[in-house]
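**Student:** One-letter residues, chain by chain:
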Amino acid sequence: MSGWFEGLLHGVLTALGVSSLLTLCRLILGPTLPDRVVALDLISLQLVGSIAVYAVLTREPGLLNVALVLAIISSLGTIAISRYLFHSGKGEP
Amino acid sequence: METGLILVVGMLYAAAIYSMLRRSTVRLALGLVLLGSATNLALFTTNKVTRSLPPLLPKGGAPVGPLADPVPQSFILTAIVINFGMLALLLVLVHLAERTVGSDEMKHLNTEVPPPSAPGE
Amino acid sequence: MSSFLWNLVLAFLWAAVQDDMSLGNLAIGFVLGLLLLSFVTPEPGASPYARKLVDILKLLGLFLREVLSTNWRLAREIATPGIKSQPAIYAFETEARTDLEVTLLLLIINFTPGSLGLELSEDGKVLYVHNMFTTTREEFIRNMRENVERPLLRVLR
Amino acid sequence: MREIITAVFLVVGTLAMLLAGLGMVRLPDLFLRLQATAKAATVGVGGLLCAAAVDMGSLSVVTHVLLTVLFLFAITPVATLLIARAAFHIGVPLWEKTRENDLAEKYKSKTPHSRAGPLLDGK
Amino acid sequence: MALLAILLSSLVTAALAPLLVRVSRRGASVSLSLVPLSLTVWLASLVPEALSGTPPSFHAAWVPELDVALTLRADGLSLLMALLITGLGTLIVLYAGAYLQDSPRLGSFLGWLLLFMASMLGLVLADNALLLFACWELTSVSSFFLIGHDSEQEEARQAALRALVVTALGGQALLLGLLLMGWVAGTLTLSELHAAGPALREGPLSLAILLLVLGGAFTKSAQVPFHFWLPSAMAAPTPASAYLHAATLVKAGVYLLARLSPVLGGTPVWTGALITVGLVTMVGGALLSFGHTDLKRVLAYATVSVLGTLVLLLGLGTPGAAQALVVFLTAHALYKGALFLVTGAVDHATGTRELPQLGGLRQAMPFTASAAGLAALSMAGLPPLFGFIGKELVYGASRHEPGGWGLAMGTAVGFVLLVGAAPRVGLRPFLGPRSEATRNAHEASPSLWGPPLVLAVCGGVLGLAPGWAEPLLAGAARAISGPDGGHLELTLWHGLTPEVGLSAASLVLGGAVFALREPLRGALETLHLERWGPSRLYGLSLSGLRRLADFATGRLQNGSLYRYTFITVAAVAGLLALPLMLRLGIPEGLKRTLHFHEAAVLALLVLATGLAVMTRSVLTALMALSVVGLTESFVYVLLGAPDLALTQVVVQTLTVILFALIFSRFPVQPSGGRSRRRDAALSLAAGGLISWTLLHASAAPPQTRLAEAYTSRSGPEAHGRNVVNTILVDFRALDTLGETTVLATASLGVYLLFRPSRRKRQT
Amino acid sequence: MKNVLILPVLIPLAAAAIGLLLPSRAGPRRALALAATAALTAVAAGLLHTVWREGVQVLRVGGWEAPVGITLAADLLSAMMVLLSGTMGLLCVVYSAGSLEERQEAGAHYPLVLVMLAGVCGSFLTADLFNLFVWFELMLVASFVLLALEAERERLEACLKYMTLSLLGSALFLIALALLYAVGGSLNLADLAMRLPGTKQPPLATAAAMLLLAVFGLKAAAFPFSFWLPASYHTPPVVVTALFSALLTKVGVYALFRTFPLLFSGDPGLTQPVILGMAVLSMLVGVTGAVVQYDLRRLLSFEIISQVGYLLAGLGLSTRAALAAAIAYWVHYVCAKSALFFVTGALERVTGTHHLGKMGGLSRTHPLLGLLFLVPALSLAGMPPFSGFFAKMALLRAALRAEMWGVAGVGAAVGLLTLYILIKVWREVFWKTPPQEAQGPSGPAAMLGPCVVLALLMVGLGLGARPLFVLSDAAAGQLLDRDTYIHAVLGGDT
Amino acid sequence: MNSVVLRTVTRQMTPVLLQLSLVLLVRGHNAPGGGFVGGLMTSAALILYLIAYDVQTVRRLVRVPPVRLMALGILVALGSATLPLATGKPFLRAAWTKLPLPWGGELSLGTPMLFDVGVYLVVVGATLGFIFALEEGEVPEGGHKEDI
Ligand code: NA
Ligand code: NA
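Protein chains in written order, with UniProt numbering: chain A, 1 to 93; chain B, 1 to 121; chain C, 1 to 157; chain D, 1 to 123; chain E, 1 to 763; chain F, 1 to 494; chain G, 1 to 148.
Calculated from the structure, these hints are not laboratory results. Treat the hints with care, as some may be off.
Stated by the list, open to error - Here are some chain B residues the structure puts well away from chain A; computed CB gaps all over 10 Å:
| no. | residue |
| --- | --- |
| 1 | G4 |
| 2 | L7 |
| 3 | L56 |
| 4 | G60 |
| 5 | G61 |
| 6 | R99 |
| 7 | G102 |
| 8 | H108 |
Stated by the list, open to error - Restricting the straight-line Cα-Cα distance to at most 35 Å, the calculated cross-link-like pairs of lysine-lysine (DSBU-like) are:
| no. | chain 1 | residue 1 | chain 2 | residue 2 |
| --- | --- | --- | --- | --- |
| 9 | B | K59 | G | K98 |
| 10 | C | K52 | D | K106 |
| 11 | C | K58 | C | K84 |
| 12 | B | K59 | E | K591 |
| 13 | B | K107 | F | K200 |
| 14 | C | K125 | D | K97 |
| 15 | G | K89 | F | K2 |
| 16 | E | K591 | F | K424 |
| 17 | D | K97 | C | K84 |
| 18 | F | K424 | G | K89 |
| 19 | G | K98 | B | K107 |
Ideal placement from N, C-alpha and C gives every residue a C-beta, glycine not left out.
Let the sequences and hints guide you as you build the complete structure.
**Tutor:** Okay, structure coming up:
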């Protein structure tokens with residue numbers, strides 16, 4: 001792996017980290033719960049991306065397994081929370 | 001990374017304990033989630049080889065770099081699963097308790113009677 | 001769709017027989033299979049597979065163009081100071097009928113930056129779409145019909 | 001050569017991600033921010049995953065990448081839809097510059113719901 | 001072997017008693033009394049052997065690891081005590097059968113009584129100190145049940161508890177003392193202890209041993225200030241009082257001191273303590289007896305006084321004192337036993353034990369009256385009764401002590417008071433006109449008047465012909481003072497010795513005291529001894545204990561989970577701080593490199609955690625926790641643990657789903673506001689300590705032994721390339737088995753707690 | 001290759017799983033539980049016999065040598081504890097049959113009890129600290145569910161408290177394991193025992209020791225980690241409390257006995273005073289707590305803490321005699337405490353309450369219950385001729401010979417207070433005139449049978465105390481003989 | 001919340017998700033994955049199904065009640081662990097066999113894989129147990145009482 005490429009990968013990881021931090025700001029600021037759910041969703045997407053990048057950095061294809069599962073499963077969490085919000089908003093189970 | 005991670009682990013513990021001390025059963029449950037995370041990471045800090053490859057052996061041939069210590073990993077895996085089971089149970093208890101007493105405040109969960117003063121000896 | 005599966009199977013066979021499962025080899029197998037299938041249809045009565053494939057590619061192209069153009073606007077919106085767009089929520093009466101059609105339509109709308117499906121009426125006929133950049137209701141509906149719905153339904157039907 | 005292609009994908013994906021993050025902070029209402037997320041899911045994750053696929057290129061990697069993208073494309077919009085729906089249900093306000101709202105009629109009677117208060121302000 | 005048989009047969013009798021009573025109420029006590037009777041005969045037949053150079057003994061191992069052995073030995077002292085126990089036991093079983101004829105609990109009473117007898121026998125026959133102690137404790141327990149026999153009455157329950165607490169307190173002290181003795185002496189065989197005498201008397205632990213043993217003996221023998229349990233124990237049915245509190249139980253302490261005096265005796269502490277305590281008890285007990293009008297209480301205080309005398313004699317430690325001790329002890333057992341039984345008979349006949357209400361019973365109860373008279377005279381020490389001989393010897397022993405005249409005068413004061421008390425209990429109820437209470441009284445069955453009469457007559461016979469008992473008494477005295485313990489010659493008349501003078505003087509003065517009994521009582525009453533005496537101290541310490549316990553328990557176990565958690569965490573922090581503060585400094589050799597993206601990850605962790613803790617919304621906290629979990633899994637990715645990352649991601653999501661399902665019905669609560677600062681301080685301290693410790697751990701040299709073993713063997717031996725998985729399903733599969741079971745059990749629990757049927761029942 | 005070592009875990013675990021597959025009726029599940037616990041007891045007896053004859057027995061699970069694989073090892077203490085647990089399990093199953101409702105028996109009661117037994121036996125047998133953690137958790141989770149089962153308010157509250165503190169303990173356990181792994185490179189007990197003395201980081205080992213002390217102290221309910229016990233033990237059915245009291249805290253004590261002499265004997269300066277301090281405080285706090293209780297089950301629960309204090313005192317003294325005394329005390333106390341809880345159950349059935357103030361006069365109406373109460377009560381108070389007499393005496397003797405006067409003094413004083421408390425119970429329950437006379441039978445044979453068995457056991461262990469002390473002494477000898485254990489676990493190549 | 005879109009996506013995705021979870025289970029010995037993750041993924045797929053439809057549908061889909069599934073899983077794991085005892089080998093001793101494949105090559109089959117299947121079953125049963133209980137606890141009259 002050439003030096004510039006590795007540097008780029010580190011830079012990309014850092015940028016993704018910064019992006020996650022920005023997203024976390026929205027999670028902190030809210031103001032409504034759906035806003036936070038969206039932020040959480042985005043953070044998990046950023047994580048999927050980061051894992052892919054890290055897989056490139058370490059040349060470890062096994063990590064993509066994690067990205068795949070994370071991609072599937074994180075939406076599941078979002079769906080569950082949305083469903084909960086929907087139901088409690090209506091005031092019925 | 002290790003040093004920073006360890007400091008963060010300490011902070012996680014502090015947060016977990018603080019949350020557990022919030023006199024609310026819901027916060028207690030949240031605190032226990034944090035406690036689990038903190039503990040898993042604490043176990044992980046014994047993994048001495050930083051930024052190493054996953055302990056996956058290549059098909060036929062030696063691994064190209066230093067592999068991470070698989071032992072703490074297997075421990076943490078076990079701990080995660082156990083913690084998950086416990087947490088689910090706790091959540092149900094918290095919920096049932098909330099439903100029974102109508103609040104998540106711990107003070108409502110106190111039927112341990114104060115010791116009555118004894119009749120005369 | 002089953003033709004696509006057939007195509008995959010053929011590609012797999014190609015690679016397996018050669019005991020070379022590399023991506024390139026599989027791709028060769030796929031192309032060869034495609035050629036094969038454009039002449040022979042395993043399911044009698046089905047429309048020619050190759051033409052459908054062209055439709056799919058067209059849809060993808062359209063989709064990609066849409067993605068790129070609106071993405072650029074969105075990026076500018078975010079990166080530059082101030083928010084200039086004036087979003088709106090429009091109802092869109094769709095011609096899609098089956099669940100799959102409606103679902104795919106909604107997915108595509110969502111992946112088109114600038115528009116976002118928010119709700120589907122109970123009878124499944126009206127889509128409510130949040131839109132960032134379109135100026136008028138009519139322009140929006142026309143755009144949806146021509147650039148999203150039609151190509152999609154063409155592929156599906 | 002491969003590294004350069006990878007790099008292009010990486011840069012595109014990362015920029016998309018960064019913009020999404022920025023959008024999260026800057027965009028004024030939930031629905032606009034949802035738009036940003038959707039973009040991140042497509043261009044951002046897509047780009048980064050493609051970078052991985054290009055860089056490693058084995059069948060297993062490509063399969064993984066394809067599957068991931070497929071799932072993301074399929075499930076993220078559903079999640080978006082559901083979030084938006086929930087948001088309407090509990091009466092999350094639109095940005096004041098939103099020009100038209102065909103859904104206003106549909107949810108007029110239901111918002112703001114008494115139970116939605118704490119959900120809404122999220123405090 | 002005979003000794004063991006005696007012991008076992010008495011134990012078996014005790015066990016059989018309740019059954020026997022169930023079979024036949026009437027015959028039970030008579031047939032049961034045959035056992036102690038035959039044991040008396042059997043024991044008497046052992047006397048010659050006991051007085052020979054090699055007394056009968058028995059040895060069997062029990063728990064040699066603890067030096068506990070079933071060692072029995074019957075020397076003169078043991079045999080004298082054993083004879084008193086069985087002899088009195090015979091009479092008392094007989095008496096009790098009549099006395100409690102109508103009680104539904106006669107069976108259990110006789111059972112406890114015989115168990116008491118058996119343990120008393122064991123106590124005096126034991127040659128192993130711990131065996132003695134075991135019997136000692138058994139006597140406490142069985143006397144508890146005897147005292148509390150009338151358990152419907154609060155007074156009886158209190159008295160039983162009091163007796164048990166005081167004697168068990170002494171018992172604990174005694175146990176510690178005996179254990180220390182065993183350690184120092186290397187043996188706990190009583191007959192071998194004297195070899196270690198010097199070590200026990202002068203070693204570094206000698207004072208502790210002495211004080212602990214004295215604690216045991218003084219409580220059991222009701223010495224001031226532990227005497228107060230004895231009078232209140234009069235709540236026991238009278239046969240029990242007669243047996244326990246006159247003849248046997250209270251003598252156990254004296255017996256123990258007598259047994260140990262060759263080993264521990266003679267030191268200044270021993271002498272000083274025993275003489276002081278004995279004298280105070282002697283005078284105090286006698287004096288206090290005048291403060292009461294209940295016959296049994298008067299007798300009880302008189303008993304206390306006599307016990308003081310006995311302890312005093314042991315303090316003197318001369319052969320003469322030993323002789324006086326055994327004689328006086330025997331005389332007291334006879335007359336006090338008789339007097340108690342008389343009291344019982346009177347109580348039985350009249351329904352009262354109050355002296356002012358009693359009088360003129362001599363015609364109605366002639367046999368009882370004779371027994372009472374004889375016994376009272378013996379108590380007063382009138383010739384020719386055995387009590388006289390005993391008193392003479394006591395005077396003699398105390399006078400022969402260096403500076404003994406003072407002591408003798410002190411003793412005389414005690415005796416004067418006793419002499420004054422004797423007519424109160426033995427004569428007053430029977431003389432004078434009949435009172436309202438005694439109008440219809442008449443003598444009951446022979447079982448009620450026979451036993452006291454026998455005892456009183458025995459006192460008379462022994463006074464007239466003391467030679468019969470002389471060999472045994474001499475043997476007993478020798479067991480206390482050593483084989484060269486001087487010659488004992490028991491006669492009624494030694495000539496005009498100073499003792500006779502003292503006796504005469506005490507008789508006269510005693511008469512005066514008797515005459516002045518009412519003013520004396522008034523004076524004692526105005527002192528309100530119960531208010532500030534040791535009895536009060538006992539009450540105070542019990543209530544103090546309860547209050548302290550109440551306070552401590554109320555503060556600690558107050559039902560607040562918050563407090564439990566707080567204390568637990570604080571304790572852990574304290575435990576962790578201990579080694580850190582003491583041994584660990586600042587860790588060295590830390591790895592300080594940190595990439596930007598790693599910093600971002602850590603920042604993400606910190607911020608999300610902060611949000612989770614700070615936010616007021618539970619759902620926001622939940623989402624923040626999700627971020628923590630996701631970031632955690634990215635840390636696993638970064639550090640080469642994809643399996644962990646996978647599991648963490650999935651578990652994290654499932655956790656969120658569970659929370660969402662559970663919270664669907666939760667009202668969103670603001671967090672508690674109190675004591676935030678304290679909580680934060682504790683949390684930070686605990687977290688900081690953990691970090692500190694972990695930093696040290698990370699600075700330790702890496703341990704790669706196992707990692708290398710697994711990575712090199714995973715492929716060839718476990719057929720897997722994912723090392724973590726081979727560990728989970730092969731190398732350490734047992735962990736996994738356990739862990740899946742944990743998960744399954746938790747799920748089962750959730751299901752059981754939450755199944756729909758339960759919900760319906762509740763709502 | 002001693003596969004018999006796995007049976008104490010395997011039998012209850014398999015029986016629990018099969019039990020859940022059985023139809024939901026009381027009969028089959030009860031029969032299965034009876035069979036399983038009986039088999040477990042038999043196996044445990046055989047195991048104890050083997051260990052006695054042949055020394056430490058070892059099973060390398062999966063055939064992997066230590067420390068690569070998990071090794072199970074049974075020395076005398078382990079075997080004794082397994083036998084004790086099996087016996088108590090059997091008695092509890094019998095008692096369950098007598099005391100529980102049909103509905104409860106048909107539910108998950110027996111499977112949960114069996115799972116808990118598996119966890120307990122696993123804890124006793126494992127020679128690997130992480131494996132110990134897993135068994136702990138198994139035992140805990142089963143106890144959580146058993147505790148909360150009917151979801152009544154008190155039980156929920158109790159379970160929440162118990163669970164919170166237990167989970168805190170689990171987290172601490174893992175930290176301790178992380179430290180030990182960092183220092184010693186494995187979590188196999190024997191391997192660690194070999195390496196810890198030579199470590200360059202002795203203070204870290206001490207820190208781990210302190211954490212383990214807290215963790216095991218928490219399981220053992222030693223003060224100041226004892227709060228969960230009085231908060232929870234009075235809520236479930238008596239048979240569950242009896243089972244908990246017989247097994248749960250004992251596992252914590254066992255873990256202390258297992259680890260401290262083996263791992264931390266090289267650093268007695270700090271750990272031993274701390275252990276002794278905990279022991280003394282536990283004795284006092286437990287007994288003072290019991291003094292003020294008028295709820296019989298809470299009273300007995302507080303008593304547990306003070307009894308645990310005695311056991312810890314044995315460990316803190318750490319002489320062979322003290323360890324032996326503690327082990328003997330342990331056996332005695334498990335029997336006595338379970339018997340008391342069993343009797344409490346019978347009393348509750350007769351009087352319909354477990355508040356002392358509402359009982360009374362039972363010595364007249366139910367003399368058999370009186371006798372069955374008296375034997376364990378007096379035994380627990382250290383009265384002859386029952387098992388507790390020798391056990392307590394042995395502990396005091398050991399304390400004196402270690403010149404720990406304070407411990408001996410407190411031990412004696414607490415013994416006295418224990419007597420006071422139990423006599424208080426006697427006075428209230430059996431003597432006092434009751435508010436209303438209790439009538440009706442003392443209980444079914446399945447309830448009284450276990451009480452009788454335990455009472456006989458206590459008399460037997462008193463009159464025939466010798467074998468117990470010989471066994472305890474040998475077990476203590478093994479605990480102190482680190483080399484034999486290490487050699488047995490690690491195999492010949494060390 | 002019975003969204004057409006959600007249902008459609010779920011219907012299409014579930015087989016793929018289940019297949020993927022099986023891959024995770026089987027490949028776990030050589031790649032990240034294993035019984036746990038496989039089981040959790042299966043549950044995730046079924047939970048998605050549950051959200052889109054309802055508990056009854058999922059119960060019908062799974063057929064075996066969760067508690068039985070768990071008990072079965074434990075027995076499978078125990079069985080694979082106990083098999084070696086028959087031949088006098090230690091508890092949990094792995095046994096491997098190589099199965100020649102018709103299209104060449106060979107497949108390593110071993111008791112650890114069976115063990116992993118047991119784990120998988122337990123995890124599926126446990127997570128479904130959690131979810132079913134919580135979900136049915138929310139529906140006032142919903143769910144059938146299951147014998148355990
Ligand atoms: Na594991
Ligand atoms: Na316990």
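**Student:** Far enough from chain A: is every CB of that chain over 10 Å from the CB of R99 (chain B)?
**Tutor:** holds (13 Å)
**Student:** Is it the case that H108 (chain B) keeps its Cβ farther than 10 Å from each residue Cβ in chain A?
**Tutor:** H108 (chain B) is indeed farther than 10 Å from all Cβ atoms of chain A, at 22 Å.
**Student:** Regarding the pair K125 (chain C) and K97 (chain D), is the alpha-carbon distance no greater than 35 Å?
**Tutor:** OK: K125 (chain C) and K97 (chain D) at ~28 Å, within 35 Å.
**Student:** When you look at the beta carbon of L56 (chain B), is every beta carbon of chain A farther off than 10 Å?
**Tutor:** violated (5 Å)
**Student:** Going straight from one Cα to the other, do K424 (chain F) and K89 (chain G) come out at no more than 35 Å?
**Tutor:** violated (57 Å)
**Student:** Is the straight-line distance between the alpha-carbon of K97 (chain D) and that of K84 (chain C) 35 Å or less?
**Tutor:** holds (10 Å)
**Student:** Could you grab the alpha-carbon distance between K591 (chain E) and K424 (chain F) and see if it respects the 35 Å cut-off?
**Tutor:** violated (63 Å)
**Student:** Is the Cα-Cα distance between K98 (chain G) and K107 (chain B) 35 Å or less?
**Tutor:** Status violated; Cα separation ~62 Å.
**Student:** Is the straight-line distance between the alpha-carbon of K52 (chain C) and that of K106 (chain D) 35 Å or less?
**Tutor:** Roughly 39 Å between the alpha carbons, so the hint for K52 (chain C) and K106 (chain D) is violated.
**Student:** Please work out if K89 (chain G) and K2 (chain F) have their alpha carbons no farther apart than 35 Å.
**Tutor:** holds (9 Å)
**Student:** If we take the beta carbon of G4 (chain B), is the closest beta carbon in chain A still more than 10 Å away?
**Tutor:** Since the minimum Cβ distance to chain A is about 13 Å, G4 (chain B) lies beyond 10 Å and the statement holds.
**Student:** Non-interface claim for G61 (chain B): all C-beta distances to chain A beyond 10 Å?
**Tutor:** holds (14 Å)
Of the numbered hints stated above, those contradicted by the structure are hints 3, 10, 13, 16, 18 and 19, listed in ascending order.
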